[in-house]
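K.L.:
Given next are the chains, with one letter for each unit.
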Amino acid sequence: MFSYCTDPSTLEGFSWLSCYLTTGKHMGFYASFLTVIVLLLITAPVALMFGFAGAAAARSRFLPLSLLGKTYTAIVRGVPDIAFFMFFVIALDQAFEYLRHKVKCPDWSEPIRQGSDFVVCTQAKLPLSTSPQWMHEAYGFSLAVLTFAIVFGAFAANVLYGAMRAVPRAQLETAEAYGMNQRQTFWRILVPQMWIYALPGLSNLWMILVKATPLLFLLGVEDIVYWAKELGGLKTARFTEYPHGNWHAIYFFALLVFYLMLTSISERVFKRISRRLSHGQATAAGEAQRKAAQ
Amino acid sequence: MSCLQTVQDYALRSLGIGERLLPREDFTLCEQVTLIGSGMIWNIYFGLIAIVFGFFAATGMALAKNSQNAWLRKPAEFFIYVFRGSPLFIQMFFAYAVFVVLKQSFPFFAPFTSAWLGATLVLFLNTTAYTAEIFYGALQSIPKGDLEAADAYGITGRTRFTRIVWPSMLRLAWPAYTNEAIFLFHATALVFFSGFPVWAQRGDALYYASYFADKTFNPFIPYPILAGFFILLTLVVITIFGTIGKRLNRHLPQAVIRRPGFMRTMMR
Numbered sequence: 001m002f003s004y005c006t007d008p009s010t011l012e013g014f015s016w017l018s019c020y021l022t023t024g025k026h027m028g029f030y031a032s033f034l035t036v037i038v039l040l041l042i043t044a045p046v047a048l049m050f051g052f053a054g055a056a057a058a059r060s061r062f063l064p065l066s067l068l069g070k071t072y073t074a075i076v077r078g079v080p081d082i083a084f085f086m087f088f089v090i091a092l093d094q095a096f097e098y099l100r101h102k103v104k105c106p107d108w109s110e111p112i113r114q115g116s117d118f119v120v121c122t123q124a125k126l127p128l129s130t131s132p133q134w135m136h137e138a139y140g141f142s143l144a145v146l147t148f149a150i151v152f153g154a155f156a157a158n159v160l161y162g163a164m165r166a167v168p169r170a171q172l173e174t175a176e177a178y179g180m181n182q183r184q185t186f187w188r189i190l191v192p193q194m195w196i197y198a199l200p201g202l203s204n205l206w207m208i209l210v211k212a213t214p215l216l217f218l219l220g221v222e223d224i225v226y227w228a229k230e231l232g233g234l235k236t237a238r239f240t241e242y243p244h245g246n247w248h249a250i251y252f253f254a255l256l257v258f259y260l261m262l263t264s265i266s267e268r269v270f271k272r273i274s275r276r277l278s279h280g281q282a283t284a285a286g287e288a289q290r291k292a293a294q
Numbered sequence: 001m002s003c004l005q006t007v008q009d010y011a012l013r014s015l016g017i018g019e020r021l022l023p024r025e026d027f028t029l030c031e032q033v034t035l036i037g038s039g040m041i042w043n044i045y046f047g048l049i050a051i052v053f054g055f056f057a058a059t060g061m062a063l064a065k066n067s068q069n070a071w072l073r074k075p076a077e078f079f080i081y082v083f084r085g086s087p088l089f090i091q092m093f094f095a096y097a098v099f100v101v102l103k104q105s106f107p108f109f110a111p112f113t114s115a116w117l118g119a120t121l122v123l124f125l126n127t128t129a130y131t132a133e134i135f136y137g138a139l140q141s142i143p144k145g146d147l148e149a150a151d152a153y154g155i156t157g158r159t160r161f162t163r164i165v166w167p168s169m170l171r172l173a174w175p176a177y178t179n180e181a182i183f184l185f186h187a188t189a190l191v192f193f194s195g196f197p198v199w200a201q202r203g204d205a206l207y208y209a210s211y212f213a214d215k216t217f218n219p220f221i222p223y224p225i226l227a228g229f230f231i232l233l234t235l236v237v238i239t240i241f242g243t244i245g246k247r248l249n250r251h252l253p254q255a256v257i258r259r260p261g262f263m264r265t266m267m268r
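Residue numbers (the working numbering), protein chains in the order written: chain E, 1 to 294; chain P, 1 to 268.
One should not assume that every hint holds.
Listed below are the simulated DSSO-like cross-link pairs for lysine-lysine, each with C-alpha atoms no more than 27 Å apart in a straight line [claimed, not checked]:
1. 211/E / 74/P
2. 215/P / 229/E
3. 103/P / 235/E
4. 102/E / 125/E
5. 215/P / 102/E
6. 125/E / 215/P
7. 229/E / 246/P
8. 70/E / 215/P
9. 74/P / 271/E
10. 25/E / 271/E
From the derived model, a few chain E residues whose C-beta atoms are all more than 10 Å from chain P [stated by the list, open to error]:
11. 26
12. 94
13. 229
14. 274
15. 287
Rather than coming from a laboratory, the hints here were simulated on the basis of the structure.
C-beta atoms are modelled at their ideal positions from N, C-alpha and C, and glycine is treated no differently.
Produce the entire structure from the sequences given, and follow the hints as far as they go.
P.N.:
In structure tokens:
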């Protein structure tokens, strides 16, 4: 990157380090931190939506729907999330290809599962083999997002289900007394009030989500763990201009610090949001704010 | 090959006992269930050791965090912050990398680079931090009256801790601690995917499940089997912890309302 970096073998100390840390591969490493942040920012709202749907389904008076909602949360909570990640990445991919295969090649006669192969017609491949490299990466990433959303949606459903039940019953009865129907009660009374009860659970969930992002590595996305493994390994002078020993410990220490910072910042933000949401609520925290303002 | 034969060959495969070669093709359901179940031995081993040792370490750590002495409190706070604030996955990678470096200068650290010791140590430290935070919260919410009553009766020192503080702390922490135990058992599935090498294909349940999924390219059989095993394990954990929890709460007024028997109502 810098002009003096043309022959790294002559460099020493700080100037060597400045060149080493600005190689193209390191730029990829820095960019992968953005991948993590992007994943978090996309996954959180999508998972919240899944969770909301799950919680609303579990509350439903229509039995099959409520059973569906409850089974969804129970199964995902009973099984390690890593197992889900490894399952969904293949399963979703095959499910999509299978559906496209059924639509695009209706007169295909051979079986799709041939021994240990999964064969669909070329037009049904996802992404198409002709599509550029970035499409493949984007597809892998969106599969990862969907997987995260499904798993964390179940956790969120559990939290939101609890929060919906925590809203004082009297509030809902009052709404009914004013002649609101079920839908109105749900959207105008229940949903606006449930967030303060959901917040401790959701903030906890966000922390778990942050701490689950390194699992992206297992989904085949080139994330920070991938780069740390790649860059930290032993490098001999034969293959690189910057030979060094096994630096895995240093790289993983950097990741550790990154995550500590991320969780610390999140904690501070959540404290602030909690203070904001407590405002005017019939809870102890809301009451304390009211007293302090007087 | 009959299923019984498969069980004999592979039930203890994860410990290196039995058939050396894993099945290579035409996997039967029996083979998959047996091998994945065999891998569960590792998950149970990791979880059990970490929980048992972590329980006592966490009690000490929670007391240290609750202490007035800053020399005890600050390190405990820092320990809990580091292990709760970073992903277990990264902790595993980092620990493994450190052990590998240490091994080069001190042969003493050689066993730490294998999962049975190294990963167990990381899981132990991790669960200690999470449990200590739970126990610390419980210590903070011990009813004031209990402590005042202890003071009034002249119960002090060690007796005060073992008879009053500790049982109350456990009772209050128990539901959250049950959750932590479940999560810990789930976390054991990470071990062989986070740096620690699998030696001679003696892996845990997830290792064998992913082995089958890779070979057959069909995730719909091995992973549900794995899920079944883990749900079973979770149920066992809930049952054991529930029994202990009931015992911890047995002195409290129970919520069950005793209705007069059928005959007594009739006689009245």
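K.L.:
Determine for every hint whether it applies to the structure shown.
P.N.:
So, going through the hints one by one against the coordinates:
Of the pairs offered as hints, the one joining residue 211/E and residue 74/P holds, with about 24 Å between alpha carbons and a cut-off of 27 Å not exceeded. Restraint check for residue 215/P and residue 229/E: the C-alpha separation of about 25 Å stays at or below 27 Å, so the hint holds. A C-alpha spacing of about 19 Å is found between residue 103/P and residue 235/E, which places the hinted pair at or below 27 Å, so the restraint holds. Proximity of residue 102/E to residue 125/E is assessed by CA-CA distance (about 12 Å); at most 27 Å being required, the pair is judged to hold.
Simply put, residue 215/P and residue 102/E have alpha-carbon atoms about 25 Å apart, close enough for the 27 Å limit, and the pair holds. A distance of roughly 20 Å separates the Cα atoms of residue 125/E and residue 215/P; the hinted pair therefore holds under the 27 Å criterion. Between residue 229/E and residue 246/P the CA atoms are separated by roughly 47 Å; this puts the pair beyond 27 Å, and the hint is violated. Between residue 70/E and residue 215/P the alpha-carbon distance is near 33 Å, which puts this suggested pair outside the 27 Å criterion.
Distance hint between residue 74/P and residue 271/E is fulfilled; the C-alpha atoms sit about 22 Å from each other, no more than 27 Å. A threshold of 27 Å between alpha carbons decides the hint, and for residue 25/E with residue 271/E the separation of about 37 Å lies outside it, so the pair is violated. No beta-carbon of chain P comes within 10 Å of the beta-carbon of residue 26/E; the shortest separation is about 18 Å. A cut-off of 10 Å between C-beta atoms contradicts the statement that residue 94/E is not in contact with chain P; the least separation is 8 Å.
Here residue 229/E does not stay apart from chain P, with its beta-carbon only about 8 Å from theirs, under the 10 Å limit. Non-interface status of residue 274/E relative to chain P is upheld: no Cβ of that chain comes within 10 Å, the nearest being about 17 Å off. Interface exclusion of residue 287/E from chain P stands, the closest Cβ pair being 19 Å apart, more than 10 Å.
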